[in-house]
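Note that the protein sequences, when read in sequence, are chains C and P. Just so it is clear: in the first sequence, position 405 is 591 by our numbering, and no numbers are missing. Just so it is clear: in the second sequence, position 91 is 107 by our numbering, and no numbers are missing.
If you are wondering where the hints come from, they were derived from the structure by calculation, not from laboratory data. Be a bit skeptical, because a hint or two may be false.
Cβ-to-Cβ under 7 Å is the rule here; a few derived chain C residues that face chain P [stated by the list, open to error]: (1) E199; (2) H203; (3) A205; (4) L206; (5) D209; (6) R226; (7) V229; (8) R234; (9) E237; (10) A271; (11) L298; (12) G380.
Cβ coordinates follow ideal geometry from the N, Cα and C atoms, glycine included.
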Amino acid sequence: MWRRRSQRDFSEELEAHIALEADRLRGEGLSAESALTQARKNVGNTTRIEERFYEGSIWAWLDSLWQDLRFASRQLKKNKAFTLAAALTLALGIGANTSIITVVRTVLLSPLPFAEPGRLVEICSRRLKSGEESPWVSFRDAADWRERNRSFTHLGSYAFAILNLMTPDGPEALYGATVSADLFRTLGVEPELGRAFLAEEDTPGRNRVVILSHELWMNRFGGDRQIIGRRIRLVNVAQAGEDYLVVGVMPARFNFPLNIPSAVSLPTRQMAFWVPFGLDPAGVKRDGRVSMVVARLGPRRSLPEARREMEAIAAQLARQYPDTNADRGVRMMPLEDYVLGRTRMALLLLLGATGLVLLIACANVANLLLSRAMNRSREMAVRVALGASRFRIVRQWLTESVLLGLVGGALGYAVAFYGTALLLKLAPDDTPRLAHTHLDTAAFLFNAGISVLVGLLFGLLPAWKAADLELAEVVKEGGMRSTEGPGQSRPRRLLIVAEVALSLILVTGAGLMVRSVARLLTQDSGFRAGRVLTAIVVLPQSRYPDLQSKVVFYRKVLDRLQALAGVEAAGAVNGVPLSGNISGWPIQIRSRAVRRPAAARTVRTWRCFP
Amino acid sequence: MLTREERDRVTLLQGTLDLLILRMLLFGPRHGQAIARGIQEQSEDVLLVDHGALYPALQRLESRRWIAAKWGTSANNRKARFYSLTKAGRAQLSREISQWRKLASAIGRILGPEPAEE
């Protein structure tokens, strides 16, 4: 580090230089005295040279930075209205970006919470003729795939489930998943407490075991480590048994399935429990497509290889079971793509849009600063006259704008706090991993970083403009300046053009998006969704053992609902139209109060009550 | 207030001062005054080194570890700070020389042959 050299050492070097120069001149025949004078003249202004040395040292730099900071904060305090307007503009831009980046980071960038997520593959079914795809796969097909393939080390099935947890305060509906015993091994995740499912627990009659999510364990069971081996009462509509043995608790950040296909709409994104299917594949119909499949590629196996193999297996099955599998192929994609596919595009669009908003905010603030730069040109002229270098003036301006950026960034962090919460509320259900999204250290650092960057960005033009003044012009104009010369307005015009262009992009993009949303809203779904309330009801098998008793229950509920003031009509169905929920396994029965009961009847495959 | 003689001198291009300093040190250590003197003499008084620029340049080269400095005694027994080329500096010098030659010959080709002496 050359900064360590002392000022005195440097002065001595200069003195030596002059002495040597004088020696030389004496050698050329000058008298001692005039040689020294001439030497000094040759070297020039030593004070100036020493100053340059000082300016190069880190202390001088910090010293003047501190001066600049104090001056800048005085300036900002003096112009409260300006500061407030600029800071608020920036706060919106910076805050929005911090929010979006936070979401993008957790949802898109952080790796899926599984071991080697890159080797996980989602296997969907595909109709060969129409190319229509669905994540729902036949349970028996999955069993055959598991048996015949050589590409995957594990192949797990899963589906959604709703169970009532019986608590002292009454039943609580929980959302979780039914899974095959090897699902956790497929994902390569171990429970933080207890164990994963055993193979024999995935057989009929032995599947009364449950693994809890960390959240459920903390919230419902107080994080009690004695939970393992305890029985909890879970009521499953499809089965008679009610006591489930707790065998494990998953770690905090684990969640699976990560995205709920649009076919299912659940009120929460964190699965609360996992239970084994406990199905005998031989006893399940081959055309019931009720579970989804995720598989782990073996070491040294590639996706294209696996794809070829699986297609061959699907063709085999089609020959073997022409009635059900004739038109059935497979579609495989990395789990990451399956989980993030649609979300990625939407989030990146949003990111782009907020980026533009920030740029526009910058342009606005730059514009404000520019007009201030013109008003302060006399101040700048005085500084230049007193010997301030252009670099110093630019730096002083940049200090001011970075400080302004930081003020905006601080406010922006508050905006980001509420913005992130708002985003989480507005995000569609199938956005994965939102449950784990929150502002963290990285978000804070991003926020601070972007504040500084933005401060430099919008400060650069005004700073350059402020330093680039014609001293003589300013002095000539004296104190009488109120209008701008034609040359001075050029950067402002450029800024305005840039701003208009950016706004246009943003407005066009937003317009296109609004149009597609509007089209979705005006799409005639055959029923009017306004003023309709829905509720999910799960009936315990023990109290409603057969279809008859269930029908009686629903009739009673609907009668009472219809008797309520303000209810025009009520109905029940096992899937809400357009939510796309196909009656799955285990059977979910939904009741809904429908204004036009006829609507529910139009969808024939759904069991419904008018 | 330049004299005619001074006006005929060429202002150094940015970056060329570094090259010249390194070149001055090729055959052994020199102090600042000798470097400035050397550039002026070897360029036959065409190039005048601005001392305000010389010392910052020396600092810069030192910080990049292309030159090293040590206090010593000059031929006429004066204390002076002597600069010498480091190994990295030697490599940098040959790089800069070949770059400069390339640049000069390219510009020369564009400008065409020199006209006869005025």
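These are the hints, each one checked on the structure:
Taking 7 Å as the C-beta cut-off, the interface hint given for C:E199 holds, the closest approach to chain P being about 5 Å. The beta carbon of C:H203 is positioned within 7 Å of a beta carbon in chain P (closest approach about 4 Å), and the interface hint is therefore held. Hint status for C:A205: holds, given a least beta-carbon distance of 6 Å to chain P, under 7 Å. Hint status for C:L206: holds, given a least beta-carbon distance of 4 Å to chain P, under 7 Å.
Of the supplied interface hints, the one on C:D209 holds, with its beta-carbon coming within about 6 Å of a beta-carbon of chain P, less than 7 Å. A distance limit of 7 Å between C-beta atoms decides the matter here; for C:R226 the minimum to chain P is near 11 Å, and the interface restraint is violated. Taking 7 Å as the C-beta contact cut-off toward chain P, the hint placing C:V229 at the interface holds, the least distance being around 5 Å. Nearest Cβ of chain P to the Cβ of C:R234: about 6 Å, under the 7 Å cut. The hint holds.
The beta carbon of C:E237 comes no nearer than 9 Å to any beta carbon in chain P, farther than 7 Å, and the hint placing it at the interface is violated. This hint is violated: C:A271 has a C-beta 41 Å from the nearest C-beta of chain P, more than the 7 Å allowed. Annotation: C:L298 was flagged as interfacial toward chain P, and the flag is violated, the nearest CB pair being 46 Å apart, outside 7 Å. Here the hint on C:G380 is broken, as its CB sits about 61 Å from the closest CB of chain P, past 7 Å.
Consistency note: the structure conflicts with the earlier hints numbered 6, 9, 10, 11 and 12.
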